[in-house]
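J.: Chains as they are written, first to last, in this note's numbering: chain A, 5 to 298; chain B, 244 to 635.
No false leads were slipped in.
Below, a list of computed lysine-lysine pairs in the DSS-like style, where the Cα atoms sit at most 30 angstroms apart: (1) B:623 - B:499; (2) B:606 - B:532; (3) B:499 - A:123; (4) B:308 - B:272; (5) B:623 - B:401; (6) B:303 - B:532; (7) B:606 - B:498; (8) B:325 - B:335; (9) B:499 - B:373; (10) B:445 - A:123; (11) B:499 - B:531; (12) B:300 - A:123; (13) B:583 - B:272; (14) B:606 - B:462; (15) A:123 - B:615; (16) B:325 - B:272; (17) A:123 - B:373; (18) B:338 - B:379; (19) B:615 - B:498; (20) B:615 - B:539; (21) A:123 - B:325; (22) B:546 - A:123; (23) B:539 - A:123; (24) B:308 - B:380; (25) A:123 - B:498; (26) B:462 - B:406; (27) B:531 - B:308.
In case anyone wonders, no lab produced these hints; they're calculated from the structure.
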Amino acid sequence: MASSDQILQYCLSGLSTGAIYALIGIGFAIIYNSTGIINFAQGEFVMLGGMLTVFFLSVAVLPLPAAVTAAVLVATLVGVIFERLAIRPLKDAQPITLIIITIGGSILIRGIVMLVWGKDTHALPAFSGNEPLFVGGATILPQHLWIFVITVLIIAANRLYFHHSISGKAMRACSYNARASRLVGIDVKRMVLFSFAISAAMGSMAGIIIAPLTMTSYDVGVMLGLKGFCAAIIGGMSSGIGTVFGGLIVGVLESLGAGLVSSGYKDAIAFFILLIILFLRPQGLFRKGETERV
Amino acid sequence: MGKIIFKTLSVLCLMLAMASVTVAAEPIKVGALFSVTGPASFLGEPERNTAVMVVDKINKAGGIKGRKVSLIVYDTQGDATKAVQAATRLIKDDKVVAIIGPSTTGDTMAVIPIVEKEGIPMISCAAGIKITDPAKKWVFKTAQNDNLAVQRIYEYLKTQGIKRVALLTVSDSFGSSGREQLKGLAKSYGVDIAADETYGPKDTDMTAQLTKIRGSEAKAIICWGTNPGPAIVARNVKQLGITLPLIMSHGVSSKKFIELAGDASAGIIIPSGHVIVADQLPGSDPQKKALMSYVKEYQARYKAEGDHFGGHAWDAMTLVKMALERGAATPAAIRAQLEKTRNYNGIGGIFNFSPTDHAGLTKDAFVMVTIKNGDWVLIKDKKAGGKAGAKK
Chain A
5 MASSDQILQY CLSGLSTGAI YALIGIGFAI IYNSTGIINF AQGEFVMLGG
55 MLTVFFLSVA VLPLPAAVTA AVLVATLVGV IFERLAIRPL KDAQPITLII
105 ITIGGSILIR GIVMLVWGKD THALPAFSGN EPLFVGGATI LPQHLWIFVI
155 TVLIIAANRL YFHHSISGKA MRACSYNARA SRLVGIDVKR MVLFSFAISA
205 AMGSMAGIII APLTMTSYDV GVMLGLKGFC AAIIGGMSSG IGTVFGGLIV
255 GVLESLGAGL VSSGYKDAIA FFILLIILFL RPQGLFRKGE TERV
Chain B
244 MGKIIFKTLS VLCLMLAMAS VTVAAEPIKV GALFSVTGPA SFLGEPERNT
294 AVMVVDKINK AGGIKGRKVS LIVYDTQGDA TKAVQAATRL IKDDKVVAII
344 GPSTTGDTMA VIPIVEKEGI PMISCAAGIK ITDPAKKWVF KTAQNDNLAV
394 QRIYEYLKTQ GIKRVALLTV SDSFGSSGRE QLKGLAKSYG VDIAADETYG
444 PKDTDMTAQL TKIRGSEAKA IICWGTNPGP AIVARNVKQL GITLPLIMSH
494 GVSSKKFIEL AGDASAGIII PSGHVIVADQ LPGSDPQKKA LMSYVKEYQA
544 RYKAEGDHFG GHAWDAMTLV KMALERGAAT PAAIRAQLEK TRNYNGIGGI
594 FNFSPTDHAG LTKDAFVMVT IKNGDWVLIK DKKAGGKAGA KK
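Bound conformation, chain A alone:
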């Protein structure tokens, strides 16, 4: 039978992967809320974050903080270009068309990265050493602390932005009713652009902070993107605390499932939870059932 140390380790491992799912999930939620589409290229921003940092570190030989900043900036730029070229020209299209376009965009980004940097996996050095830290009977790495701290900071900054700044409030207004927002003078198109920029920045940050643990290659974005999507669905597509819990729940259940049941079902667990939520509470675990927005 599993000891309490083991359970603690499963939970800690789960929380750290869950934090990443949450960051990616929030990226999905922000774009969904401002445009009504699911951006399946979100996982590619995660990949871009890691790969660009590797590039700036090894080819441009920048110090780590500069490489991280440069990677986030470039990834954000890619997000902006993506919106300009793929989403904006089709603004009046059906959401389903746009969603399919994002899938195409993700394949394109992945393909370009594969051609430019090859198919190799790359490792990023840990931000502060590899000596494990003991938490009770379990261990985590300093990198896990980085993940927790950066995730909390990003989520806090996100909350400040959306609730206490004019442009953040304007974006929320767009998510409630785009036409009314336009009528009161909000530039909806610019808000959509902002949402892509913010999600790309967040996704790339997530990709950077996990790269020292999980390595990075041109195709890491696919699975991480899907898990982040699960987190966002469980959180009811909220760009706040709901998705954070969604991510943590997926991460911990996956880890407990792999440890206590069978590691063969690890991925199945995440998608099983997704299906259950979609059947029973399609509005998400934490969102009160609300009337259909018309």
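Chain A is fixed; fit chain B onto it per the hints.
T.: What follows is chain B alone, placed relative to chain A:
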């Protein structure tokens, strides 16, 4: 009269000369199927590079019996359907006399019915045991069977007195084949499997599985997979402070693994082809000459380390070359000559083909190596008679 005879003779001579010139210009066509792109590109790319390198060398030296060799490479992208199309094209359109590759077991199994039907010899570079077990008339292979690596690992564990192991295998075809062999051979080596865990090829954290293994009674961990999974496993093992010996498969025997796993790679033990420790082999080793020239030529041409995957293509192409040199020109003759190959000192091992054995290797094709200071170090066998045990 004499004049006429002279004239006819000289015309005949001229015609003959011209004929022989056209014969000399006609190259020998050898086909190659490698997964140069796609998920198995880590196999196909070095294999393609190596095959091209070997063929260039043959042609630079004047070809085989005055005929140049022309290598026609198609990319299967690790997709069985594409492999079948490419094989058909090689045989029907390009009219090759032999095929080397494909890179993966899946591609190879899909192509086998075609070469068997058309009667074209094929030397696969994939590892799956079912490719040549049972032996098929036209199919040979150069990659070492998984079960040889497993035998080598269990033998090593025996010398260390370890009887209980935990398995951590990747859930793709490489991992499940390894898992099957590890479980199947455990009993005959008196090994007890205390934990049997798997992970997905795209998983990013294996601490849950390793925590479970830590709680089991295993005395060693055997991880079976290809990059990057095993590198993450190595890091997770270090993170959890697990001190059990960690044994990996030959699927990670390239420098890339050490680079990815970083400090966590220290002390990991793997069964590997001889190529990664070529310079540490004693001078008496019969494979050393081929290994060193492969490593050197590859380094000079591609500025990268030649790994044992490329070695499979080296062996396949060299086997074809040797068959051609012995006078075979038709597919059937090449096949017959291949089957007669004895004591070919290749990269993967010493090959001895026979009508019942088209894989040609024994477990001596593997040596046990460990990682020290970011490089491979040969583990000398305690067992007498083992090839790897040859004293330095």
